[in-house]
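Visitor: Read off the chains here:
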Amino acid sequence: MAHVLEAKQIELHFGGLQVLAGIDFHVDEGEIVAVIGPNGAGKTSFMNCINGFYRPQGGQILFKGKDITRLPPYKIAAYGISRTFQNIELYTGLSTLDNLMAARHILLKRGAFWNFIYFGPTRREEVKHREVVEDIIDLLELESIRKSIVGQLPYGQRKRVELGRALATEPQLLLLDEPMTGMNVEEKEDMARFILDIAELKKIPMVLVEHDMEVVSDISDRAVVLDFGRKIAEGSPDEVKKNPDVIRAYLGAEEE
Amino acid sequence: MTADHLADKYQPPPLDPDVDTLPKWLRKHYQEHPDQVAMRDKDRGIWQRYTWREYYEKVKFFCLGLVSMGLERGDKISILGENKPEWYWAELAVQSAGGAAVGIFADCIPSEVKYYVEHSDSTFVVVHDQEQADKLLEIKDELPQVRRVIYWDEKGLWSYNDPILMSFDEVLELGRRYDRDHPGLFDELVDAGKGEDIAVICYTSGTTGLPKGAMLSQAYEVLSLTEWSKLDNWHRKGYEYLSFIPPAWSTEQALGISASLVAGTVVNFPEEPETVQENIREIGPEVLFYGAKLWESVNRIVQAKMIDSTYLRRLIYRTFLPVGLKVADMYIEGKRPALGWKLLYTLAYQAVFRSLRDRLGLSRVKVIYSAGGALSPEIIRYFKALGIEIKLFYGSTEMGIISNPRDGEIRPETSGRIVPWARVKISEEGEILVKSHFMYSGYYKNPEATRKKLDQEGWYCSDDFGHVDEHGHLIVIDRMEDLKPLAGGKKFSPQYAEVRLRFSPYIKDVLVVGGENRTFVSALVNIDIENMGRYAEANRIPYTTFTDLSQKPEVIEIIKQEIVKINQTLPEHARIRRFVNLHKEFDADEAELTRTRKLRRSFVEQKYGDLINALYGERDQIAVEAPITYQDGRTGVIKTEIKVNRIDE
Chain Y
-10 MAHVLEAKQI ELHFGGLQVL AGIDFHVDEG EIVAVIGPNG AGKTSFMNCI
40 NGFYRPQGGQ ILFKGKDITR LPPYKIAAYG ISRTFQNIEL YTGLSTLDNL
90 MAARHILLKR GAFWNFIYFG PTRREEVKHR EVVEDIIDLL ELESIRKSIV
140 GQLPYGQRKR VELGRALATE PQLLLLDEPM TGMNVEEKED MARFILDIAE
190 LKKIPMVLVE HDMEVVSDIS DRAVVLDFGR KIAEGSPDEV KKNPDVIRAY
240 LGAEEE
Chain H
26 MTADHLADKY QPPPLDPDVD TLPKWLRKHY QEHPDQVAMR DKDRGIWQRY
76 TWREYYEKVK FFCLGLVSMG LERGDKISIL GENKPEWYWA ELAVQSAGGA
126 AVGIFADCIP SEVKYYVEHS DSTFVVVHDQ EQADKLLEIK DELPQVRRVI
176 YWDEKGLWSY NDPILMSFDE VLELGRRYDR DHPGLFDELV DAGKGEDIAV
226 ICYTSGTTGL PKGAMLSQAY EVLSLTEWSK LDNWHRKGYE YLSFIPPAWS
276 TEQALGISAS LVAGTVVNFP EEPETVQENI REIGPEVLFY GAKLWESVNR
326 IVQAKMIDST YLRRLIYRTF LPVGLKVADM YIEGKRPALG WKLLYTLAYQ
376 AVFRSLRDRL GLSRVKVIYS AGGALSPEII RYFKALGIEI KLFYGSTEMG
426 IISNPRDGEI RPETSGRIVP WARVKISEEG EILVKSHFMY SGYYKNPEAT
476 RKKLDQEGWY CSDDFGHVDE HGHLIVIDRM EDLKPLAGGK KFSPQYAEVR
526 LRFSPYIKDV LVVGGENRTF VSALVNIDIE NMGRYAEANR IPYTTFTDLS
576 QKPEVIEIIK QEIVKINQTL PEHARIRRFV NLHKEFDADE AELTRTRKLR
626 RSFVEQKYGD LINALYGERD QIAVEAPITY QDGRTGVIKT EIKVNRIDE
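First to last, the sequence lines map onto chains Y and H. Under this note's numbering, the residue at position 178 of the first sequence is numbered 167, and the numbers go up by one with no gaps. To convert, take the position in the second sequence, counting from 1, and add 25; that gives this note's numbering.
Treat the hints with care, as some may be off.
Simulated pairs of lysine-lysine, BS3-like, Cα-Cα distance not exceeding 25 Å [said to hold, decoys possible]:
#1 K177(Y) with K609(H)
#2 K409(H) with K255(H)
#3 K117(Y) with K67(H)
#4 K180(H) with K136(Y)
#5 K177(Y) with K231(Y)
#6 K180(H) with K117(Y)
#7 K67(H) with K136(Y)
#8 K192(Y) with K180(H)
#9 K191(Y) with K180(H)
#10 K416(H) with K255(H)
#11 K180(H) with K177(Y)
Stretches of chain Y that chain H covers, calculated by requiring three or more beta carbons in the stretch to come under 8 Å of a beta carbon on chain H [said to hold, decoys possible]:
#12 118 to 129
#13 186 to 193
Okay, the calculated beta carbon distance ranges per label pair [as the list claims (entries may be wrong)]:
#14 G145(Y) with D573(H): 16 to 24 Å
#15 E178(Y) with E579(H): 33 to 41 Å
#16 R644(H) with E78(Y): 49 to 57 Å
#17 E203(Y) with W183(H): 19 to 27 Å
#18 E78(Y) with T569(H): 23 to 31 Å
#19 W183(H) with E120(Y): 15 to 23 Å
#20 I106(Y) with I164(H): 53 to 61 Å
#21 E203(Y) with E610(H): 21 to 29 Å
#22 P110(Y) with D206(H): 42 to 50 Å
#23 G145(Y) with K391(H): 36 to 44 Å
#24 Y336(H) with E203(Y): 43 to 51 Å
Hints listed in this document are in silico derivations from the structure and should not be mistaken for laboratory results. Ideal placement from N, C-alpha and C gives every residue a C-beta, glycine not left out.
Produce the complete structure using the sequences and hints provided.
Guide: Now the structure itself:
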């Protein structure tokens, strides 16, 4: 079976600093793959390569067979790769609803002129988008903050809105960069449930960068471990946890 | 024996055989005005309307679906979930088939759910969503009599394939097919219903012992609501009602389900429990029930918001609130305010109260109820100042409503006059004894307990301590068993002090204790983390957790001042001399509160027994270790030291 996403021999360096050294990576249909590793291992850099923020100096990234290695981020987003960020990136002055609606922009069929007139088919299109957004609000239980200004929401809820916005673009691959940092146990459990619900209902494959080993074991099908820009292990979360290299590099070392 | 407070010669209205059950009422609405709106449910951000035709058809097909799977007359089904139209449909469906509904609180843990389902012999369980379905799947092997678990919100259940699960829509589809094969069957089933059929079994919140299932008949639901809505003048006015108190509770059964059918209210369902405050503003209900705790919390929210507000707004609020309170006091004392006061009040109303009421979603309320726990007179007075008359009625699942303040006769410390259909007598010990035309039909499978509740002359023993004042108003002071002795034979009512302490924005909950060999009264305080946290932030008091904040000297001082204030209203012997700020909140998951959030006093006193003993000792610090239960059933332990605080006069 063809991989949804395949990265071959990704090389990335900033000047003399080697960030990623020959990473091979793939995601299959319906899979949740965790990328783990200590701080500075290159996890977020790797995500940035996938969605076009960084242009790797070597290697190739294929998404559904298409080469997306050196495409700008907006084109990659249009192909259906959507992501959330470690430090939340939302329109803080807009409401939850408007943030999600703004994400639908990428799927708008009509330009500014027709939207200005807002009549007939344009109007129907808006209603259709609103329906999709309402489904996401229901799925992620955002009803009570639908009209709240995002900048005033607590951190855990903003993370949820960000996930909602990523979903609103109807992605074919979701990149989640530390979706659970800074959350308490209960919020983490909620987030884990949402991620599993998305996988189950929408069958969207996901790449998940995460620190919390427990979360990784609970929700991911496969884990890839990075250390100093190298892939040191790959396998089921339980296998990976037992791998001596991983224990030395990551679990045995001081966290954070 | 003191006087028998007998109402006028009261004759209950005759039970019309055409509409002696709730399903017959539903059919009547369907026949007379099928296209009128019966209920609204906020879904996908929009208020979706259901007409009587839709209500009727959902009930009809759900009923036939259950019948096709073997439901028979007299069977029970349990319903477990939040307030949603499906709850109402499922309940009316089982009643249409001559069965009874059993309501279960949505936050019950699996072992509690098991008790209700098992004890009530429910053959079907209708659940809300994945959360509730999971509870049933966990215990289904211990419940062999349950044939199906039917869910109405499929979210998260997409890949469940347990054969016991079935969706609400599948049952409706079964019903549709069954109707084609058996036309007219539904009407026959409804026609077979009679007034004496049991409509619902409400498990009493069980402040003592295992919950008992109080059976309420169809005639009870139909007649008592007709009479109650007429008494308070909301019968058939098409008033809006917001359904959010748990339907497992007899109050929602009455004001929600029965009232919509019998008294013609329109029922509105909030989108989620978290959106109630927002949704209530959109609906602007005319009939409203807030539990005592909720009124307290609304009051706390207003106070806290005012502290955070701008200087000008605060100034306006502080200028006009006393006007409102002054006028409220005049009404409460039965005086008519002079013209000058009326003008001032109108000004205050336009300047502050009108928009405040709108913010709280209370701009259109006409009939406002509260019950299920004492309500501080201060709260009643406060809302009266805003022009909102809270009727703190007295009643219970078993007795129905017993006394109710009438319009213009609201006095903060009483529960109003006895309703026409009930009689009240006060026993020598001060217990309230009741006879009523509309009462429950006994406890399910427990005739022994049913008998025990009646004395030799057939009076129902309420277990409540109280008296009737010279105006004929009933004053309920406390549970009989909760009056507490002190050394020297004196008694005190812990609840009296607790209610007044809870009025402080900084106190969320409090337990006041004494004892036969103790010479003074003490208190265990739960600080209100939200307001106290805000105070700490404003005053630059750093804190980490609930426990840490509760033990800050500044925080202790605030609580102390609140207690000193209350102490002044108490007789010498009943004053609180020592208190601790507890390291954790009382929690329904640990059985410290009932599901309706009443403090389970005996249990809590026992649980914190060591701590209470230490309060009467000489130490200034107490080490505490509390096992805690999380909502999913896991347990943990917290260890810490808390301070004993003394109050000297």
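Visitor: Against each hint, give a clear statement of whether it holds in the structure.
Guide: Against the structure, the hints come out as follows:
This hinted pair checks out: K177(Y) and K609(H) have alpha carbons roughly 22 Å apart, not beyond 25 Å. Proposed proximity of K409(H) and K255(H) is supported: the alpha carbons are some 23 Å apart, at most 25 Å. Between K117(Y) and K67(H) the alpha-carbon distance is near 19 Å, which keeps this suggested pair within the 25 Å criterion. As the CA atoms of K180(H) and K136(Y) are separated by approximately 23 Å, the hinted pair is consistent with the 25 Å bound.
Between K177(Y) and K231(Y) the alpha-carbon distance is near 24 Å, which keeps this suggested pair within the 25 Å criterion. Distance check on the hinted pair: K180(H) and K117(Y) sit about 21 Å apart at the alpha-carbon level, within 25 Å; holds. Taken as a hint, the K67(H) and K136(Y) pair is honoured in the structure, with Cα atoms around 15 Å apart against an allowance of 25 Å. Of the pairs offered as hints, the one joining K192(Y) and K180(H) holds, with about 14 Å between alpha carbons and a cut-off of 25 Å not exceeded.
Between K191(Y) and K180(H), the direct Cα distance comes to roughly 12 Å. Compliance with the 25 Å bound is thereby established for this hinted pair. Simply put, K416(H) and K255(H) have alpha-carbon atoms about 15 Å apart, close enough for the 25 Å limit, and the pair holds. This hinted pair checks out: K180(H) and K177(Y) have alpha carbons roughly 19 Å apart, not beyond 25 Å. Closer than 8 Å: that is the beta-carbon criterion, and the region 118 to 129 of chain Y has 6 residues meeting it against chain H, so the requirement of 3 holds.
For the region 186 to 193 of chain Y, the stated coverage by chain H is satisfied: 3 residues place a CB nearer than 8 Å to a CB of that chain, which reaches the threshold of 3. Take G145(Y) and D573(H): their Cβ atoms lie about 21 Å apart, and the range 16 to 24 Å holds. For the hinted restraint 33 to 41 Å between E178(Y) and E579(H), the CB-CB distance of approximately 34 Å keeps it satisfied. Judged by the Cβ atoms, the range 49 to 57 Å given for R644(H) and E78(Y) holds: they are separated by roughly 54 Å.
Judged by the Cβ atoms, the range 19 to 27 Å given for E203(Y) and W183(H) holds: they are separated by roughly 25 Å. Taking the beta carbon of each, E78(Y) and T569(H) are about 29 Å apart, inside 23 to 31 Å as hinted. Hint check: W183(H) to E120(Y), Cβ distance near 19 Å, so the stated range 15 to 23 Å holds. Taking the beta carbon of each, I106(Y) and I164(H) are about 58 Å apart, inside 53 to 61 Å as hinted.
Range check, E203(Y) to E610(H): Cβ separation about 26 Å, and the 21 to 29 Å hint holds. Checked against the hint of 42 to 50 Å, the C-beta distance between P110(Y) and D206(H) comes to roughly 45 Å, which is consistent with it. The hint said 36 to 44 Å for the Cβ distance between G145(Y) and K391(H), and at roughly 40 Å that hint holds. Separation of Y336(H) from E203(Y) is about 49 Å and conforms to the stated range, judged on CB atoms against 43 to 51 Å.
The earlier numbered hints are all upheld by this structure, with none contradicted.
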